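We have chain A already, so just place chain B with the ligands on it with the hints.
Residues per chain are reported as follows:
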Amino acid sequence: MTQTKYATQPIEGYRHVAPEVRVEGDVTVIDSNAVYYKELNEAIRGAVAGGAKHLRIENVNGQRYIGTGLAGEDVRIEVHGTAGNDLTMLMDGPTVEVFGNAQDGVGNTMNAGRVIVHGDAGDVLGYGMRGGRVYIKGDVGYRVGIHMKAYESLVPIMVIGGNARDFFGEYMAGGMLVLLGMNTQFADQPLVGSFLGSGMHGGTIYIRGTVEAWQCGKEVGIAEATEADMAELTPILADYCEAQGMELADVLKVPFLKLTPFSHRPYGKLYAPM
Amino acid sequence: MPTSLIQPEFLVKIDYDKCHKCGRCVQQCGWGVYSFNERPIPDDSKCRACHRCVTYCPAHCISIEKNPLAYRDNDNWSSDARKAIWRQAETGGVLLTSMGNPKPYQRIFDHLVLDACQVTNPSIDPLREPMELRTYLGSKPDSVQVESDSNGGFKLAEGAGMHNNIKLDTPIIFSPMSYGSVSLNVHKSLAMAATRLGTLMNTGEGGLHADLYPYQDNVIVQVASGRFGVSPDYLNRGAAIEIKIGQGAKPGIGGHLPGEKINKEVSSTRMIPQGTDAISPAPHHDIYSIEDLRQLIYALKEASGYKPVGVKIAAVHNVAAIASGIVRAGADYVYLDGFKAGTGATPQVIRDNIGIPIEIAIAVVDQRLRDEGIRNKASIIAAGSIRSSADVAKAIALGADVVAIGSASLMALGCHLCQSCHTGCCSWGITTQKPELTRRIDPEWGAERLVNLVHAWSHEVQEILGALGVNAVESLRGSRERLRAIGLDEQTCKILGVKPAGM
Ligand code: SF4
Ligand code: SF4
Numbered sequence: 001m002t003q004t005k006y007a008t009q010p011i012e013g014y015r016h017v018a019p020e021v022r023v024e025g026d027v028t029v030i031d032s033n034a035v036y037y038k039e040l041n042e043a044i045r046g047a048v049a050g051g052a053k054h055l056r057i058e059n060v061n062g063q064r065y066i067g068t069g070l071a072g073e074d075v076r077i078e079v080h081g082t083a084g085n086d087l088t089m090l091m092d093g094p095t096v097e098v099f100g101n102a103q104d105g106v107g108n109t110m111n112a113g114r115v116i117v118h119g120d121a122g123d124v125l126g127y128g129m130r131g132g133r134v135y136i137k138g139d140v141g142y143r144v145g146i147h148m149k150a151y152e153s154l155v156p157i158m159v160i161g162g163n164a165r166d167f168f169g170e171y172m173a174g175g176m177l178v179l180l181g182m183n184t185q186f187a188d189q190p191l192v193g194s195f196l197g198s199g200m201h202g203g204t205i206y207i208r209g210t211v212e213a214w215q216c217g218k219e220v221g222i223a224e225a226t227e228a229d230m231a232e233l234t235p236i237l238a239d240y241c242e243a244q245g246m247e248l249a250d251v252l253k254v255p256f257l258k259l260t261p262f263s264h265r266p267y268g269k270l271y272a273p274m
Numbered sequence: 001m002p003t004s005l006i007q008p009e010f011l012v013k014i015d016y017d018k019c020h021k022c023g024r025c026v027q028q029c030g031w032g033v034y035s036f037n038e039r040p041i042p043d044d045s046k047c048r049a050c051h052r053c054v055t056y057c058p059a060h061c062i063s064i065e066k067n068p069l070a071y072r073d074n075d076n077w078s079s080d081a082r083k084a085i086w087r088q089a090e091t092g093g094v095l096l097t098s099m100g101n102p103k104p105y106q107r108i109f110d111h112l113v114l115d116a117c118q119v120t121n122p123s124i125d126p127l128r129e130p131m132e133l134r135t136y137l138g139s140k141p142d143s144v145q146v147e148s149d150s151n152g153g154f155k156l157a158e159g160a161g162m163h164n165n166i167k168l169d170t171p172i173i174f175s176p177m178s179y180g181s182v183s184l185n186v187h188k189s190l191a192m193a194a195t196r197l198g199t200l201m202n203t204g205e206g207g208l209h210a211d212l213y214p215y216q217d218n219v220i221v222q223v224a225s226g227r228f229g230v231s232p233d234y235l236n237r238g239a240a241i242e243i244k245i246g247q248g249a250k251p252g253i254g255g256h257l258p259g260e261k262i263n264k265e266v267s268s269t270r271m272i273p274q275g276t277d278a279i280s281p282a283p284h285h286d287i288y289s290i291e292d293l294r295q296l297i298y299a300l301k302e303a304s305g306y307k308p309v310g311v312k313i314a315a316v317h318n319v320a321a322i323a324s325g326i327v328r329a330g331a332d333y334v335y336l337d338g339f340k341a342g343t344g345a346t347p348q349v350i351r352d353n354i355g356i357p358i359e360i361a362i363a364v365v366d367q368r369l370r371d372e373g374i375r376n377k378a379s380i381i382a383a384g385s386i387r388s389s390a391d392v393a394k395a396i397a398l399g400a401d402v403v404a405i406g407s408a409s410l411m412a413l414g415c416h417l418c419q420s421c422h423t424g425c426c427s428w429g430i431t432t433q434k435p436e437l438t439r440r441i442d443p444e445w446g447a448e449r450l451v452n453l454v455h456a457w458s459h460e461v462q463e464i465l466g467a468l469g470v471n472a473v474e475s476l477r478g479s480r481e482r483l484r485a486i487g488l489d490e491q492t493c494k495i496l497g498v499k500p501a502g503m
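So the protein sequences, as listed, match chains A and B. So in the numbering used here, the last one in the first sequence is 274, and the numbering has no gaps at all. So in the numbering used here, the last one in the second sequence is 503, and the numbering has no gaps at all.
Same shape as in the complex, but just chain A:
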């Protein structure tokens, strides 16, 4: 793991200047210190268009949209610092690894790729996400995994190592959400808030530990994960553990619950056509 470099002096606003870019071996290094997101992302897109496959962005301090709309399965981006909102929104292929925390909207409407955050993340992760994987090490906020959907070979997967707040998996239409409740700063609190899976009409949520029925939306059925379920889940957990430097055996010590929707058409009977 590369050593994280944080800003050494206080940052007074962002500057509309192109960031400093240098090449170290096969790594393109971009120093984003105090650079406005627009210029930073232009530099990232420019480097990728120029053939860079491995990028390291240093001194990131809340700049938005890193990796947004970026394509290329063989592109790898390291983000050192705190990634701003909408990290990897609409991304289509690359791998983005954050050595720090991420803010809101990670993986928003994402198509494909991998996002690994070695820290906590904010609200509304994976909104409308259609493919790829998001692995968060620690806690996440509200409305995480909202309206995730699957289509043919595209199946989004998100694994959260810590706790999650209310509306986890709201409107979920496809894909898989996994909540471990392990790497949390809120160990004295329930591992997930209320309205879990409310409006859910597709996909699967796995919870390591327990949830009460009152925490869940009325559309959600709760069952213990079967052997077949664990056979589906374990390779994903193994991949997550490898990415986050955790032991699979520790994760598997506690049994999982599987949450699925009662119906793919929760509102089919609500309406009376005139």
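Since the hints were made in silico from the structure, they are not lab data. Keep in mind that a hint or two might mislead.
[As the list claims (entries may be wrong)] Chain A side only, calculated, beta carbon under 10 Å to chain B, not exhaustive: (1) N41; (2) T109; (3) N111; (4) R165; (5) G174; (6) H264.
[As the list claims (entries may be wrong)] Computed cross-link-like contacts, SDA-like style, restricted to lysine to any residue with a CA-CA straight-line distance of at most 25 Å: (7) K38/A with R56/A; (8) K218/A with P283/B; (9) K264/B with G424/B; (10) K269/A with A89/B; (11) K66/B with V113/B; (12) K103/B with R196/B; (13) K38/A with A239/B; (14) K269/A with P104/B.
None of these values were measured; they are calculated from a predicted model. Each residue gets a CB set at the ideal place from its N, CA and C atoms; glycine is no exception.
Chain B with the ligands in isolation, oriented as in the chain A frame:
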């Protein structure tokens, strides 16, 4: 007891003396009104008065009449109110309907008249003199830069802040209607017509079918709360991107395309499995404030190489303040949808009771943006029952840059306004996915009719401009002095910024 207390709304009458017994009515009706036993036998209770059979009957022997005995007269308890109560007593459901608000609210456009030149200021003959309808959709610079051309004159400086504008040959565009709510042949008709007219069609929230890629330079791609079909490729294909917050026929509520309409093709453009409901949540869950809206606008710009991004909202009470926020958030246009706008499916109570008239919304938004000195930052698109070229001209005089037509364009394709789109059985092949019905619209035929309609309206707008003595639609924009009100109350006139006739 009968299964329903609701009596047929229409009576289907066939003059059997004239009838050829050809069976065409049986085949044409999308709702299965007719059975055939030596001659066609109608079931009145299924009829929606879409007039498909009437139009196609070779003997002209079908007539459809309102059932005169269905409801006893009562001005307070209208037949609609009683029908609704019975339907809800039977089902316990939220009443689902479609198309636009049919209630007899005041139609402000019909109370506005335009000016003309007489004696002191000559009118212009649009047949012989140039009459410019070209309109630029997008954010305009605070000031225009010019540079000298090589002939000792001046020209607009390179870019001049206009590079992100879309050039339209007419101020009329097609409004968003998703593939799924309408058929692919309708989408193709609209896309082909938009390309030929030098204007725009709009995908609505259902994604862009590959068959429309050849027309993508004339397509606005929409991003709604369900994010259906939204991918980097989709955003990069459109001429502009539109964030849909609301629509006039159902302000404040989400969309819901029932699983039956999600066939293989629809599922491929929406990128969701077949047969599941396509649910658009009421809000975008990444937008809870103007700051969040700004974040999404710039995310879409970042993902698309800084294409123009517009925001569509339903016209509601506080529309001026909301529009101001949208413009400040960085939108290139604000799309205002009035409360008479059409839709493929909406709860009746929402359609008929929520939102404000488009005329009011245009006037207050235009005024607010002018007062705040940001009118140039964004264009205004107005929609929600634009019924004629007169409505186009009046909307522009009230302050719109561009109008969008949805219901009118479907009428050009044969829609008879039967308000049954939500059934998915449209006999005219418009709001349906059934192959035996969708093939009724040939895109080439559809495109031609749409081109004819917009050409006709554009010529009429030119006639109006000529009468007004101006030679460009730009000169009419926000020119409320050229409007007068007849029979509007003082407060409404004030809000519209229009004087009563005679003043
Ligand atoms: S289409 Fe007209 S002529 Fe033919 S069967 Fe029907 S009613 Fe008779
Ligand atoms: S589109 Fe079809 S179903 Fe809808 S109102 Fe028009 S004719 Fe009726």
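Taking the hints in turn, this is what the structure says about them:
1. N41: Status holds, d = 6 Å.
2. T109: Interface hint status for T109/A: holds (5 Å vs cutoff 10 Å).
3. N111: holds (5 Å)
4. R165: Cβ of R165/A sits 13 Å from chain B, so the hint is violated.
5. G174: holds (7 Å)
6. H264: holds (5 Å)
7. K38/A with R56/A: holds (17 Å)
8. K218/A with P283/B: holds (20 Å)
9. K264/B with G424/B: holds (16 Å)
10. K269/A with A89/B: Holds: K269/A and A89/B sit about 15 Å apart, inside 25 Å.
11. K66/B with V113/B: Violated: K66/B and V113/B sit about 34 Å apart, past 25 Å.
12. K103/B with R196/B: With a Cα-Cα distance of about 36 Å, the restraint between K103/B and R196/B is violated, given a limit of 25 Å.
13. K38/A with A239/B: holds (21 Å)
14. K269/A with P104/B: Status violated; Cα separation ~31 Å.
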